[in-house]
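Visitor: So the protein lines, in turn, are chains V and C. Residues in the first sequence are numbered consecutively from 1, following the working numbering. Residues in the second sequence are numbered consecutively from 1, following the working numbering.
The set of hints was computed from the structure by calculation and includes no laboratory data. Incorrect hints may appear among the rest.
Below, a list of computed lysine to aspartate or glutamate pairs in the EDC-like style, where the Cα atoms sit at most 16 Å apart [said to hold, decoys possible]:
| # | chain 1 | residue 1 | chain 2 | residue 2 |
| --- | --- | --- | --- | --- |
| 1 | C | Lys9 | V | Glu78 |
| 2 | C | Lys9 | V | Asp73 |
| 3 | C | Lys132 | V | Glu78 |
| 4 | C | Lys132 | V | Asp18 |
Predicted model, so just to flag it, every value in this text is computed and none were measured.
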Amino acid sequence: MTDPQNALDHLLNGYLDDELNEAERTELEAMMLKDERIGLRLEELAQANSEFIESANEVDSVPMTESLSALMDRLSAEESQAAFKDETDNVITFPIWRKTTRFIEHHRAIAAALIMGVGAVVLQPAFTDRQSQSIMPGTSGIIMAQSQLGDALETLASGSVVEGDGVRIEPRFSFVASNEAPCRVVDVASGTEAGRLIACRSDDAQWRIQVASYHQAPADGASENYQTASGPYHDVIETYLDQVMTSEPVASSEEKSLIATGWKQPGAEKGN
Amino acid sequence: MSKNTPSNKEIMDAVPHIRRFAYSLTRNAADADDLVQSVVERILQNGTPEDVDLKKWMFRVCRNRWIDTLRASKVRQTAEPEIEEASAPSPSSEDVAGSRMMMNRVQSAIAALPDNYREVLTVVAVGGASYKEAASMLKVPIGTIMSRLGRARAMVAEEVGYHD
Chain V
1 MTDPQNALDH LLNGYLDDEL NEAERTELEA MMLKDERIGL RLEELAQANS EFIESANEVD
61 SVPMTESLSA LMDRLSAEES QAAFKDETDN VITFPIWRKT TRFIEHHRAI AAALIMGVGA
121 VVLQPAFTDR QSQSIMPGTS GIIMAQSQLG DALETLASGS VVEGDGVRIE PRFSFVASNE
181 APCRVVDVAS GTEAGRLIAC RSDDAQWRIQ VASYHQAPAD GASENYQTAS GPYHDVIETY
241 LDQVMTSEPV ASSEEKSLIA TGWKQPGAEK GN
Chain C
1 MSKNTPSNKE IMDAVPHIRR FAYSLTRNAA DADDLVQSVV ERILQNGTPE DVDLKKWMFR
61 VCRNRWIDTL RASKVRQTAE PEIEEASAPS PSSEDVAGSR MMMNRVQSAI AALPDNYREV
121 LTVVAVGGAS YKEAASMLKV PIGTIMSRLG RARAMVAEEV GYHD
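My request is simple: use the sequences and hints to build the entire structure.
Guide: Structure, rendered in structure tokens:
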């Protein structure tokens, strides 16, 4: 290639890559008008560039290696969890399956109710809207004592269900958190949404939602297909349980006693 | 140096671009994926410097990893590039056959490029880097970028013979 050709190619490549200033650009365009060979050369270089880019795009049609594909799947799953968490400040995720498995071993009666509930939980709408005044906590997570949810947390035994105003509430089980606070795992549902939450009772006798998640129920209302035992959302509550639930769920008899005494734990008064 | 931790979504969004970039360098899909995986793992582990464009940073890491690989195998200038054919459907017609011949000529031309030419073309054309950014990434003067880029495109154009 001659030096003039080389210099011209530099200019043409700069033109293709948008690296020329306005004056250079104008000058080159004027040259192209005068000499069509310059335009043809630009076309060749542009085509070569385009072919090169297209050849790189060929890889899009080649499946990823298993290893890279697995890495992408992992990132995607983590992202789904993170996205869900971000979207649900006032929401709750759940399945307790690991904990529940142990729970089942010791509390078969309650477990039976729990298992029956899974897959059949389909809720009415208004879980977060119409019923928001009665069941959803404020930003502090505090649940109003006089609300339907507040009443259920305070007095309803696990495995029992209370329904009203299109909302179904079912405490699943109770446990004592690592900070000694009594906590409850509860399913809440409306026509279009189903949620699970963990609420703990603080020293000031208020129930506060610690973590929660909800899902949209299927549009076709196929309640039997509603899956609460799988999917990334469940990990949120399960993770929380892993962090704070250091012992088995309380037995039904113990829970009954706690409800009767306003959730005062044996020895609590002595200890304080 | 303070670090930034990109989200998984940001990384996943960048991966197709990094994969093309890697394939453009390696001309081998499996090698490209190995390269991409090492880049993603590196970003997950170390994050990125603050105030850098994630994709451009990943291009840079990718290119550096590629060079490391070449150095390790000592084949940078002598390797016979392997080009994998895309598994596209191939309806039979003379036109398609003609296109295929042209495609093969293009692939051969690209494969015949010296690594340092293909590298510059990849960084600028596939990676979208400016000449200044390419010079910084490849640690060569801008004049060298312009020269290699010009030669690379000219070689492909001459090999393919668009106007023959």
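Visitor: A separate judgement is required for each hint: does it hold in the structure or not?
Guide: Do the hints match the structure? See the list:
1. C:Lys9 <-> V:Glu78: Within the cut-off at roughly 9 Å; holds.
2. C:Lys9 <-> V:Asp73: 11 Å, holds
3. C:Lys132 <-> V:Glu78: At roughly 37 Å apart (the allowed maximum being 16 Å), glutamate 78 (chain V) and lysine 132 (chain C) break the hint.
4. C:Lys132 <-> V:Asp18: Measuring from Cα to Cα gives roughly 12 Å; hence the hint holds.
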